[in-house]
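J.: Below, each chain spelled out in residue letters.
Number of protein chains: 2
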Amino acid sequence: MPRIITVGAAQSGPIARTESRRDVVARRIEQLRQAHRQGCDLVVFTEVALTAFFPHWWIEDEAELDAWFEHQLPGPDTQSLFDEARRLGVSFYLGYAELAYEHGQKHRYNSSVLIDSQGQIAGKYRKLHLPGHVEHRPHNPFQNLEQRYFEIGNLPLSTTNVCGAQVGMCICNDRRWPETYRVLTLAGAELIVLGYNTPDQIPEHPAMNHLVDFHNRLSMQAGAYQNGVWVVGVAKAGVEEGVSQIGQSMIIAPSGEVVAMSSTREDELIVYRCDLDMVTYYRSLFNFAKNRRPEFYESLTNRPS
Amino acid sequence: MPRIITVGAAQSGPIARTESRRDVVARRIEQLRQAHRQGCDLVVFTEVALTAFFPHWWIEDEAELDAWFEHQLPGPDTQSLFDEARRLGVSFYLGYAELAYEHGQKHRYNSSVLIDSQGQIAGKYRKLHLPGHVEHRPHNPFQNLEQRYFEIGNLPLSTTNVCGAQVGMCICNDRRWPETYRVLTLAGAELIVLGYNTPDQIPEHPAMNHLVDFHNRLSMQAGAYQNGVWVVGVAKAGVEEGVSQIGQSMIIAPSGEVVAMSSTREDELIVYRCDLDMVTYYRSLFNFAKNRRPEFYESLTNRPS
Numbered sequence: 001m002p003r004i005i006t007v008g009a010a011q012s013g014p015i016a017r018t019e020s021r022r023d024v025v026a027r028r029i030e031q032l033r034q035a036h037r038q039g040c041d042l043v044v045f046t047e048v049a050l051t052a053f054f055p056h057w058w059i060e061d062e063a064e065l066d067a068w069f070e071h072q073l074p075g076p077d078t079q080s081l082f083d084e085a086r087r088l089g090v091s092f093y094l095g096y097a098e099l100a101y102e103h104g105q106k107h108r109y110n111s112s113v114l115i116d117s118q119g120q121i122a123g124k125y126r127k128l129h130l131p132g133h134v135e136h137r138p139h140n141p142f143q144n145l146e147q148r149y150f151e152i153g154n155l156p157l158s159t160t161n162v163c164g165a166q167v168g169m170c171i172c173n174d175r176r177w178p179e180t181y182r183v184l185t186l187a188g189a190e191l192i193v194l195g196y197n198t199p200d201q202i203p204e205h206p207a208m209n210h211l212v213d214f215h216n217r218l219s220m221q222a223g224a225y226q227n228g229v230w231v232v233g234v235a236k237a238g239v240e241e242g243v244s245q246i247g248q249s250m251i252i253a254p255s256g257e258v259v260a261m262s263s264t265r266e267d268e269l270i271v272y273r274c275d276l277d278m279v280t281y282y283r284s285l286f287n288f289a290k291n292r293r294p295e296f297y298e299s300l301t302n303r304p305s
Numbered sequence: 306m307p308r309i310i311t312v313g314a315a316q317s318g319p320i321a322r323t324e325s326r327r328d329v330v331a332r333r334i335e336q337l338r339q340a341h342r343q344g345c346d347l348v349v350f351t352e353v354a355l356t357a358f359f360p361h362w363w364i365e366d367e368a369e370l371d372a373w374f375e376h377q378l379p380g381p382d383t384q385s386l387f388d389e390a391r392r393l394g395v396s397f398y399l400g401y402a403e404l405a406y407e408h409g410q411k412h413r414y415n416s417s418v419l420i421d422s423q424g425q426i427a428g429k430y431r432k433l434h435l436p437g438h439v440e441h442r443p444h445n446p447f448q449n450l451e452q453r454y455f456e457i458g459n460l461p462l463s464t465t466n467v468c469g470a471q472v473g474m475c476i477c478n479d480r481r482w483p484e485t486y487r488v489l490t491l492a493g494a495e496l497i498v499l500g501y502n503t504p505d506q507i508p509e510h511p512a513m514n515h516l517v518d519f520h521n522r523l524s525m526q527a528g529a530y531q532n533g534v535w536v537v538g539v540a541k542a543g544v545e546e547g548v549s550q551i552g553q554s555m556i557i558a559p560s561g562e563v564v565a566m567s568s569t570r571e572d573e574l575i576v577y578r579c580d581l582d583m584v585t586y587y588r589s590l591f592n593f594a595k596n597r598r599p600e601f602y603e604s605l606t607n608r609p610s
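Line by line, the protein sequences are chains D and P. The working numbering applies: residue 1 is where the first sequence begins, and numbers increase by one. The working numbering applies: residue 306 is where the second sequence begins, and numbers increase by one.
Don't take each hint at face value.
To be verified - Straight-line alpha carbon distances no greater than 30 angstroms define the calculated DSBU-like cross-link-like pairs of lysine-lysine that follow:
1. Lys411(P) with Lys106(D)
2. Lys595(P) with Lys124(D)
3. Lys124(D) with Lys411(P)
4. Lys411(P) with Lys429(P)
Calculated from the structure, these hints are not laboratory results. Every value quoted in this text rests on a predicted model; they were computed, and no experiment measured them.
Let the hints inform the model, and build the full structure from the sequences given.
T.: Written as structure tokens, this is what we have:
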């Protein structure tokens, strides 16, 4: 019997800076219901899916910065999303800005959680490959202050069983690093899910603007094919607070083929029935245990001196 | 001043089983001369560039098998290629079947060398990721007995300076493994060169036949972009001893863009002026030393238990 997991990639259109968390959650719930009507087992939301992508502007005041973060999850404004998912029996991936107290210290991460069909947090991840910069660049048309507002994640790239599939999580810029897919695959991933906020122009590198869609697709397609894994990448799309972001949320088969893609830059759900036997098929072709040569890969884990 | 290296990808059409080494070398010399007329600094030949790709059929007799290998390089039949390259001042990459005596034992490898503009062997590599099978599969339309005829390489993925560029070598199936590009890049590669013999059908996996060109392109484009490195992939193309092989030899920029591609499945030379400053540009974007997270990649170098 084929092992099918029906996945919905729930792209988000822009979120206004002034939009309340409650209003955004209502949009997410609407997508969850639509996904349920289309038979989805798992819904993948984007990175920082509950607010505008605030690293695009400078925030000096600590209280103002903290207000963009979730202090608990679920919390008062997000509980309804978890409740509705449990009611529908739908799992989901959610990217969010996480404010955490660890050993009495405040920490901020660019995080994601995987919620099982009972509405429980089954897995958690904190972004490892933070793009952007630390310093104020007021003369840019927009900034990417992720390296200022977030710490580097301190959780491993790992997998979680939801909907009968081993699911690995990563976030946005992680998808450009081949190590991400490989580490997740060696940890058993059959499906890798991720969200992204990716502008269609790069202030420091305008010569690359026309390649942004291509690089998005190329990275995820290669990650899928070279690891024999399903990949679901979900955008925050459209013009948000003056920053125009790519869409092209997509579901990619272990063959590397794009099997579903969004065609708008608004809230949009795309759905595909992912056959996990394709993973077995491609994995057997590569046969990592037999054909990888880790004894020649030692430099991959060397730390820069 | 831009650092330009002009590279020729010298695709090979089929080589008949009965074609003499001397005749094949004459074809390679003709390509070398054409490349020189087009201003090439470096010519990239394919994998096992001097004979038909004999792993496609079963050979029982050891002497018959050994006859497909180079017992020395340069040897009596290949010296003229090295001489002509030195005369023209052109460097080249050459894939060949290598018969070597190490510690008094005979070994067979699927190897490549990098020849500097003085006609000297500057670098050497032996294929690490051997595809195919060990056992006789007489009912297949053709076989791939690489795992029978070759040993796994025992030389590191490393780089060599030729023509003022750090050049990394790999061979055929190595290109499907993201580790190959990353290890070469961490070793300083600005340009990765490789040859391949890739059939356009896979007897054990006919459902993948229509994807062979796509997977070839996808792997090399991702390797180029994700490492900010030039990639040159060169085919043995066309119908050789009943086996139809893909062409699409290509030169790929550090942007991942295919900037030159063959359009035949015959001997064909494609040329591109590769700007090594593009490597610097893409490398600075990724900034491996700062943004890779090797402490989370440990599983990449674990050996299977």
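J.: The structure should be examined with respect to each hint, and the outcome stated for every one.
T.: Okay, the hints, checked on the actual structure:
1. A hinted pair counts as satisfied when its Cα atoms are at most 30 angstroms apart, and Lys411(P) with Lys106(D) does not qualify at roughly 63 angstroms.
2. A threshold of 30 angstroms between alpha carbons decides the hint, and for Lys595(P) with Lys124(D) the separation of about 24 angstroms falls inside it, so the pair holds.
3. For the suggested pair Lys124(D) and Lys411(P), the alpha carbons sit about 53 angstroms apart, so the restraint of at most 30 angstroms is broken.
4. For the given pair, Lys411(P) sits about 18 angstroms from Lys429(P) by alpha-carbon distance, which is consistent with the 30 angstroms threshold.
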